[in-house]
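Produce the entire structure from the sequences given, and follow the hints as far as they go.
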Amino acid sequence: MHTVSIAIRALTKSYGALTALDSFDLEVEQGTIFGLLGPNGAGKTTLIRILTTLMRQSSGDAFIEGLDIQRYGCEIRSMIGVVSQENSLDRYLTARENLELHARLHGMEKQLYKRRIDELLELMGLAGRQKDFPDTFSGGMQRRLVIARALVHQPRVLFLDEPTTGLDPQSRRAVWEYVRSLAGSMTIFLTTHYLEEAEQLCDRIAIMDHGRLIALGSIQELKDRLSGATVYEIEFTGQGAAHYAALLASMPCVLDVTQVGHKVTVTLECWECLSEIVTALNGAPVRRISLQERTLEDVFISLTGQKVRE
Amino acid sequence: MLRGAMAIWQRDMQVLRRSIISELVAVVAYPLTIYLAFGIGMQSYIGLVDGAPYALFIAPGLITMTAVSAAYNESVWSLWFHRRVQFTIESYRVTPVSVSEIVIAKIFTGFMHGLIKGCVVGMVIFAITPFRFPMEHLFQYLLFLIPGSALFSCAGIIGGTVMDKPETIGKVEAVLVMPLIFMSGLFFPLSSYPSSLLVWVRALPTTALFEGARRALVAGDLMPLPALQVVLSSVVAFAAAVFIFRYKMSE
Chain B
-14 MHTVSIAIRA
-4 LTKSYGALTA
6 LDSFDLEVEQ
16 GTIFGLLGPN
26 GAGKTTLIRI
36 LTTLMRQSSG
46 DAFIEGLDIQ
56 RYGCEIRSMI
66 GVVSQENSLD
76 RYLTARENLE
86 LHARLHGMEK
96 QLYKRRIDEL
106 LELMGLAGRQ
116 KDFPDTFSGG
126 MQRRLVIARA
136 LVHQPRVLFL
146 DEPTTGLDPQ
156 SRRAVWEYVR
166 SLAGSMTIFL
176 TTHYLEEAEQ
186 LCDRIAIMDH
196 GRLIALGSIQ
206 ELKDRLSGAT
216 VYEIEFTGQG
226 AAHYAALLAS
236 MPCVLDVTQV
246 GHKVTVTLEC
256 WECLSEIVTA
266 LNGAPVRRIS
276 LQERTLEDVF
286 ISLTGQKVRE
Chain S
1465 MLRGAMAIWQ
1475 RDMQVLRRSI
1485 ISELVAVVAY
1495 PLTIYLAFGI
1505 GMQSYIGLVD
1515 GAPYALFIAP
1525 GLITMTAVSA
1535 AYNESVWSLW
1545 FHRRVQFTIE
1555 SYRVTPVSVS
1565 EIVIAKIFTG
1575 FMHGLIKGCV
1585 VGMVIFAITP
1595 FRFPMEHLFQ
1605 YLLFLIPGSA
1615 LFSCAGIIGG
1625 TVMDKPETIG
1635 KVEAVLVMPL
1645 IFMSGLFFPL
1655 SSYPSSLLVW
1665 VRALPTTALF
1675 EGARRALVAG
1685 DLMPLPALQV
1695 VLSSVVAFAA
1705 AVFIFRYKMS
1715 E
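Protein chains in written order, with this note's numbering: chain B, -14 to 295; chain S, 1465 to 1715.
What the hints contain is simulated information worked out from the structure, not anything from laboratory work.
Please note: incorrect hints may appear among the correct ones.
So the derived label-pair ranges between C-beta atoms look like this [to be verified]:
{"no.": "1", "chain 1": "S", "residue 1": "Gln1478", "chain 2": "B", "residue 2": "Asp103", "range": "14 to 24 angstroms"}
{"no.": "2", "chain 1": "B", "residue 1": "Ala2", "chain 2": "S", "residue 2": "Ser1660", "range": "46 to 56 angstroms"}
{"no.": "3", "chain 1": "B", "residue 1": "Glu184", "chain 2": "S", "residue 2": "Pro1630", "range": "37 to 47 angstroms"}
{"no.": "4", "chain 1": "B", "residue 1": "Arg56", "chain 2": "S", "residue 2": "Met1470", "range": "20 to 30 angstroms"}
{"no.": "5", "chain 1": "B", "residue 1": "Gly151", "chain 2": "S", "residue 2": "Pro1630", "range": "19 to 29 angstroms"}
{"no.": "6", "chain 1": "S", "residue 1": "Pro1630", "chain 2": "B", "residue 2": "Glu107", "range": "38 to 48 angstroms"}
{"no.": "7", "chain 1": "B", "residue 1": "Lys116", "chain 2": "S", "residue 2": "Pro1630", "range": "24 to 34 angstroms"}
{"no.": "8", "chain 1": "B", "residue 1": "Leu97", "chain 2": "S", "residue 2": "Gln1478", "range": "18 to 28 angstroms"}
{"no.": "9", "chain 1": "B", "residue 1": "Ser166", "chain 2": "S", "residue 2": "Arg1481", "range": "32 to 42 angstroms"}
Partner residues aside, some chain B positions facing chain S, computed with beta carbon under 10 angstroms [claimed, not checked]:
{"no.": "10", "residue": "Thr37"}
{"no.": "11", "residue": "Cys59"}
{"no.": "12", "residue": "Glu60"}
{"no.": "13", "residue": "Ser63"}
{"no.": "14", "residue": "Asp75"}
{"no.": "15", "residue": "Tyr77"}
{"no.": "16", "residue": "Leu86"}
{"no.": "17", "residue": "Ala88"}
C-beta atoms are modelled at their ideal positions from N, C-alpha and C, and glycine is treated no differently.
Shown next as structure tokens:
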């Protein structure tokens, strides 16, 4: 039996006429890594700000570890760790002092937090720089310090709001490693723009848009949602790709055809239609027919559209 | 209950300790320049004011001005910086610390800045000028300076909470804070005002603060009404600062 760590019921947040969250429902199991995806302005940050008690909802309920966020804000804040989009490090305190301040804000005893901070600085590879100010750190090191700060008080739920935005690939992978190493010991709620990040880290994913939940499941489940339509790429040798593209487009089982140079991409109603395609292409100068694997990005784009959001 | 406020205040004092020398040099330079320019330079032209040499007349006001300006500046800039630039206020707000505790810590930090810097300027003026006051007057003076610094610290908190642009902070200081200080009889006796205007000037808490502080330090007078006016104003400003900060944070 799974225990629910985060429960959200009909959560709504309006700013005047704008509805940032619209009757949002969600459950996140304890000890899992949960990813929340959505285009800009989808309502991800609003949701995370409500869950971390930084903002009040207009209506609906949300519970963290069974506690109502409206009634038990202080208790909830003592059991969550938050890594916000901004680094929010105190540049006038050293790395160690940043962690010490956070521990004191959580009311930790000095003996306890001293040992814990030593462990975290070691884990994050920052022990040698603990007396330096964050301004002298690289972006990746600052991000690791922010994550260490969020872990000082050993939270039961960790919120990561776009934790690797702006980092180089090496630093991003280092952060992923740390996050993966935490899996199981706490619930991790992650928002990200990087679909690869979600694929690498998350057990389950939700996709939201216009304040509403539009898809929820494991990565494979979400990809399977698109499996009704199968995409093949057909590469022709020499000329004639345009002729065959037109021929394929006229077939009833073909949903979509695009042609770029010698390559034609066809979207079929189902994989069983492939035999009809092969028959139609009998004698055609085909060099290769390959199945296009669906990615999380395909799922994301198919659900949220291709239009760039302001 | 105030564990979080204490942690934030300790952080602020830790930062102040690191930069105390440069802070004090900057803080002492301004009132000292005014003292030398007006107190020494203009003294022979002005003569006695309210029975005291001009240099001695303006000295208590300069000490008070240093304290309250430091309290205001620390609060307004610190809150703005932590809220808009460094985002540390947000990092405090995701801990079990209440919004009221953050405000209390910041008000107390501003107040401490004011007190420390006011005392240092007082000592410098004491050391290099003939301005003297009986030490027993210090208690009466602090009865004005403490709530006065708290009042300006609260005003700074309100400013740092509602103003999002740094240039706005500078404008408000230029058109509101400094005129309030200068109109309070810092460089001239209140009797210089026309009687019709004097009623309004006396209604200002800054006038009660500067006038009461001067009389307390120089003559040892404890004027109960101005003292009460400053205390009440600081209580109202505190309530307003907490309310406005909470409101802004909930937006």
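To see whether the hints hold, each was checked on the structure:
1. S:Gln1478 / B:Asp103: 14 to 24 angstroms: 20 angstroms Cβ-Cβ, so the 14 to 24 angstroms window holds.
2. B:Ala2 / S:Ser1660: 46 to 56 angstroms: 50 angstroms, holds
3. B:Glu184 / S:Pro1630: 37 to 47 angstroms: 42 angstroms, holds
4. B:Arg56 / S:Met1470: 20 to 30 angstroms: Given a distance of about 26 angstroms, which is inside 20 to 30 angstroms, the answer is holds.
5. B:Gly151 / S:Pro1630: 19 to 29 angstroms: 24 angstroms, holds
6. S:Pro1630 / B:Glu107: 38 to 48 angstroms: 39 angstroms, holds
7. B:Lys116 / S:Pro1630: 24 to 34 angstroms: Holds, at about 31 angstroms.
8. B:Leu97 / S:Gln1478: 18 to 28 angstroms: Taking Cβ atoms as reference, Leu97 (chain B) and Gln1478 (chain S) lie about 20 angstroms apart, which means the hint holds.
9. B:Ser166 / S:Arg1481: 32 to 42 angstroms: Since the Cβ atoms of Ser166 (chain B) and Arg1481 (chain S) sit about 37 angstroms apart, the hinted range of 32 to 42 angstroms holds.
10. Thr37: 5 angstroms, holds
11. Cys59: 5 angstroms, holds
12. Glu60: Given a least distance of 8 angstroms, the restraint on Glu60 (chain B) holds.
13. Ser63: 4 angstroms, holds
14. Asp75: 5 angstroms, holds
15. Tyr77: Cβ of Tyr77 (chain B) sits 5 angstroms from chain S, so the hint holds.
16. Leu86: 5 angstroms, holds
17. Ala88: With a minimum Cβ separation of about 9 angstroms from chain S (threshold 10 angstroms), the hint on Ala88 (chain B) holds.
Every hint, counting from the list given before, is met by this structure.
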